[in-house]
Each structure stands twice: as C-alpha cells, then as structure tokens.
Amino acid sequence: MSTEIEVPYLDISDPSFAMHSEEVREARERHWYAKTNYGFAILRHQYVSTLLKDTRLSQGSGKWPAHNGVHSGLFYDWWTKCLLVLEGEDHHRIRRLLNPAFSFRHIEAYVPRFEQLATELVDAIIDRGEFEFVHDFAEPYATRVLCILTGIPESEYPTIARISSSIGLALGITIKEDLPEIDAALAELYGYAEALIVDRQANPRDDLVTRLVEANRDGDSLSDDELRNALCLLIFGGMDTTRNQLGLGVQTMMQNPDQWELLAAHPELARNAVEEVMRMNPTTTWVTREAVVDFDYEDLHAPAGSTVHFLTQVSGTDPAAYPNPGMDITAERVPHYGFGGGMHHCLGHFVARMDMTIALRTLSQRMTNIRVNGPDEWMPDSGNTGPVHLPLAFDKR
Amino acid sequence: MHVSVDRAKCDNHGQCTFSAPTVFRLNDQGILEYDDDVDDSLRADVEEAADVCPMQAIIVTD
Numbered sequence: 002m003s004t005e006i007e008v009p010y011l012d013i014s015d016p017s018f019a020m021h022s023e024e025v026r027e028a029r030e031r032h033w034y035a036k037t038n039y040g041f042a043i044l045r046h047q048y049v050s051t052l053l054k055d056t057r058l059s060q061g062s063g064k065w066p067a068h069n070g071v072h073s074g075l076f077y078d079w080w081t082k083c084l085l086v087l088e089g090e091d092h093h094r095i096r097r098l099l100n101p102a103f104s105f106r107h108i109e110a111y112v113p114r115f116e117q118l119a120t121e122l123v124d125a126i127i128d129r130g131e132f133e134f135v136h137d138f139a140e141p142y143a144t145r146v147l148c149i150l151t152g153i154p155e156s157e158y159p160t161i162a163r164i165s166s167s168i169g170l171a172l173g174i175t176i177k178e179d180l181p182e183i184d185a186a187l188a189e190l191y192g193y194a195e196a197l198i199v200d201r202q203a204n205p206r207d208d209l210v211t212r213l214v215e216a217n218r219d220g221d222s223l224s225d226d227e228l229r230n231a232l233c234l235l236i237f238g239g240m241d242t243t244r245n246q247l248g249l250g251v252q253t254m255m256q257n258p259d260q261w262e263l264l265a266a267h268p269e270l271a272r273n274a275v276e277e278v279m280r281m282n283p284t285t286t287w288v289t290r291e292a293v294v295d296f297d298y299e300d301l302h303a304p305a306g307s308t309v310h311f312l313t314q315v316s317g318t319d320p321a322a323y324p325n326p327g328m329d330i331t332a333e334r335v336p337h338y339g340f341g342g343g344m345h346h347c348l349g350h351f352v353a354r355m356d357m358t359i360a361l362r363t364l365s366q367r368m369t370n371i372r373v374n375g376p377d378e379w380m381p382d383s384g385n386t387g388p389v390h391l392p393l394a395f396d397k398r
Numbered sequence: 367m368h369v370s371v372d373r374a375k376c377d378n379h380g381q382c383t384f385s386a387p388t389v390f391r392l393n394d395q396g397i398l399e400y401d402d403d404v405d406d407s408l409r410a411d412v413e414e415a416a417d418v419c420p421m422q423a424i425i426v427t428d
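Protein chains in written order, with this note's numbering: chain A, 2 to 398; chain B, 367 to 428.
Do not rely on the hints blindly, as some may be mistaken.
Unchecked claim - The calculated lysine to aspartate or glutamate pairs, modelled on EDC-like cross-linking and capped at a C-alpha distance of 16 Å, are: (1) B:Lys375 with B:Asp417; (2) A:Lys397 with A:Glu88; (3) B:Lys375 with A:Glu276; (4) A:Lys36 with A:Asp300; (5) A:Lys64 with A:Glu30; (6) B:Lys375 with A:Glu333.
Unchecked claim - Heads up, incomplete: computed chain B residues facing chain A, CB under 10 Å, no partners named: (7) Asp377; (8) Asn378; (9) His379; (10) Gln381; (11) Thr383; (12) Pro387; (13) Leu392; (14) Gly396; (15) Tyr400; (16) Glu414; (17) Ala416; (18) Asp417; (19) Pro420; (20) Met421.
Honestly, the hints are just simulated from the structure, not real lab data. Every residue gets a Cβ at the ideal spot worked out from N, C-alpha and C, and that includes glycine.
Only chain A is shown next, with the shape it has when bound in the complex (with noise of 0.2 Å):
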C-alpha cells in the first residue's frame, strides 16, 4: 500500500519568488522536488548530483527561441548551434576539441594579468570611499578578463559589455520583441569574432584563441565557423555571469563580515570563499534539462518534452548535504552545481573560478566594512540573477 505523497508546488516564474525563502526550504524539507509553472524543479543536493548527469535528460535550453516565436535569423541560426544546447556526438566532438585550450594549466598562465586588472580597478576607486560596484569593478574586470583571453583590445570593454548585455536580452521573455537589438549585436561580434580567426590562423601566438584555432584531435578540427561560434559563446557566455556572480558574492561577503576579515587576514581561502558564494549565492540559480524521453525515478514521471530545473542554491544550502550551510571559508564542502554538470558542465569554469578568486582576494585586502549606501536594484531570482545597481562604501584597509 503506498502512501500519497503530497508534492510542493513552486510558481518560480513569478516576480517575488524568492530562492532564498521559507517556502521553498519548506517545500524541500517536505519532497525531494516540486512541480512549478514549468515542468519540476529538483530541490535537494543527493538528487541534483546524480541528475543533473542523467543522460535522459538533455540541456533545455535548446528550444528557448522558438518557445518564444523566434525561428528564424542570425541568434536562432547560432544558439541552435552552438555547444551549450548541442547533443550526443556533435556535442562531444566539439568540447573536446575546445576542452585543452580552457584547462587549469593553461588559465593559471594568465593569473598576473587578471591580478594586474584587479589592481588597476581598485586603484581608481580606494581614496573615493564609495563605488557602484557593478559599473566601477564587476562589470569592467568581467568584459576585460575576457578581453585578455581573446586578445581584443581592453579599450574597447565598453562595446564588448554592451553586445554582451544585448546578446543577453535573447535570455528574456521579451526575445522576439527584442531580436532586431539582439541579431545586429550578434553580428558585431561574429565580427570581433571573425577577425580574431583570421589573425591568428596567420599570425599564430602563445594564446587561447590560437589553441582553437590549432586544435585538432585525430586529423579532426574545428571550421571557421565552428571557432566563430565556440569564440561568440566565450564572451556571451563568459561575461554577464562573471560579472552578475561577483555582484553576489559582495553581497554574500556583506552579510558573513566576520568571513571577509578572515579572508583578509588568510588570502590564499580566497578560492574556498568563491566556491561558498557560488555554493550559498549562485547566478544561475537553476540549471535547465528536458526530458528526452518520459522520465521516471523514484516518484517522479517527468513525460518526454518536460522540463526539468535543478535549483542550485536550494541544493546547495541543503542540510542533508551540508550539516553547517552557513558562510564558512575553511570548510570542506561537497560540490556545489553552480557551474552545472554532467556533459555540459560549464567550459570555462576554470576562468570563472581564477578571475573571482583573484577579485575577492584583491577587494578584501584593500578594503573593510563595506556597506551599502544607497538605493540598490536586482534582477529576480528565476535563472540568472546579480545586481544591476549596487552602491557601495566601504572603509580604506
């Protein structure tokens, strides 16, 4: 006889949905998912590590445009093809050929220009006393840092940043209304793109875009195209959640101040703190599959074309998995699953986990008691969230 179990109901869509709230700890103390307005979200960290690897389902992403009526057009042409929503062997052929050039040993190469960067920008703002962290430091570091890896000029951050953010509207609900800003800045870049290609297919130099350009595996390379597309990924993809993670990761450090003093005094937990922010505060807040075929574990019948959310940050905070899930940078932790997993688990991790770890290593030697100090403003909760305006004062260390 088997009992009925009552599973939670999340409306995740809606504007006040809060990951950071009672009803959804609620929700995951009572089942191990939820269903919501869209399709079921996965809450505890035991499920979304071994889910979120399930062949079965596939990276959701993929049909997000024509969701939306987008079916044709310079971004519908690219998204449908780029690595993020690729399957089976065409995904794979592709990330191995771009793995290499984003392994550890080669991102460590470019820690004193990254340390350079963070330098810099802290050094224009220290005898202010105040900043809008998103303009002044996050935004500026993520589009440069990107600038560095690609070898585009850092002068031209600004026209990089505002692609980026336009290329980001297509994220939206309002992508069809939006396609017109997004396909010219796409163009934009596939021109940066483009010119980078052709630069280094002539003028090969000891950097990451000539590793693509020269990959090969088994006589196999990438076209034109293919690095086109891997490159344009790079910086959309790279850019906006690198600045938007290190929005919440102030914000994280703001609110654990005891934290931000010990990193001050001990920088080398500096990569232990990004991996407790993302672990506690993640940009991506959920990570989206669809279910291939129908789809049963345990209670669960997801049918075929559902979609599937693993809530990060739920996951990440769960006491199951984390006895003691407040701020706590000399921890050993599990993973967390903010850079996803599975087959697509995000390529450029290891810059992510470089670049923050050297900004809040930077940031926390030269300052101290940093608050708030104005009207601040944030993106919801629902799938890629951070700071769009966050003033900050903060003490001269």
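Knowing the structure of chain A, use the given hints to seat chain B on it.
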C-alpha cells in the same frame, strides 16, 4: 603508464570520456569506470583527460 582517479574528488561529470574514450567511460548508473594500466600510445589522450577534468581528480604516473 598508470592511471588513478581520486574517488573523493571525482564527481562523474564524464569530461574525461571525451578526451580518452577507450580509457574512461560512464557505466549505466553514470559512475566512472576506467582502465588503470594504459598503453603509452594513449598518453596524449590520458594527459588531456587529466588536464580538462573539472575536479582535477585524475592522476597519471609512469
């Protein structure tokens, strides 16, 4: 060449299976299985697998 995987670090993402599919594979339960004694002809592939592992869990020794 000897290959080992630190199971405390490995999170079964399977990126290694793209680099060296004849050495690393995920079983039906999604758990990593691998050969620990590998011919030297596969060194480049195995070292690439170790390089790209998100958890840096693969150790290659002679």
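Tested hints:
1. B:Lys375 with B:Asp417: 14 Å, holds
2. A:Lys397 with A:Glu88: 49 Å, violated
3. B:Lys375 with A:Glu276: 15 Å, holds
4. A:Lys36 with A:Asp300: 12 Å, holds
5. A:Lys64 with A:Glu30: 32 Å, violated
6. B:Lys375 with A:Glu333: 11 Å, holds
7. Asp377: Cβ of Asp377 of chain B sits 5 Å from chain A, so the hint holds.
8. Asn378: Because about 6 Å separates Asn378 of chain B from the closest Cβ in chain A, which is inside the 10 Å limit, the hint holds.
9. His379: For His379 of chain B, the interface hint holds, since the closest Cβ of chain A sits about 5 Å away, which is under 10 Å.
10. Gln381: Given a least distance of 6 Å, the restraint on Gln381 of chain B holds.
11. Thr383: This interface hint holds because 8 Å falls under the 10 Å limit.
12. Pro387: Hint holds; Pro387 of chain B Cβ to chain A Cβ min 9 Å, cut 10 Å.
13. Leu392: 8 Å, holds
14. Gly396: Holds, about 5 Å.
15. Tyr400: 16 Å, violated
16. Glu414: The hint holds - Glu414 of chain B has a Cβ within 10 Å of chain A, the shortest such distance being about 6 Å.
17. Ala416: At about 9 Å, which falls below the 10 Å cut-off, the nearest Cβ of chain A leaves the hint on Ala416 of chain B intact, so it holds.
18. Asp417: 4 Å, holds
19. Pro420: 5 Å, holds
20. Met421: Holds: closest Cβ of chain A sits about 7 Å from Met421 of chain B, inside 10 Å.
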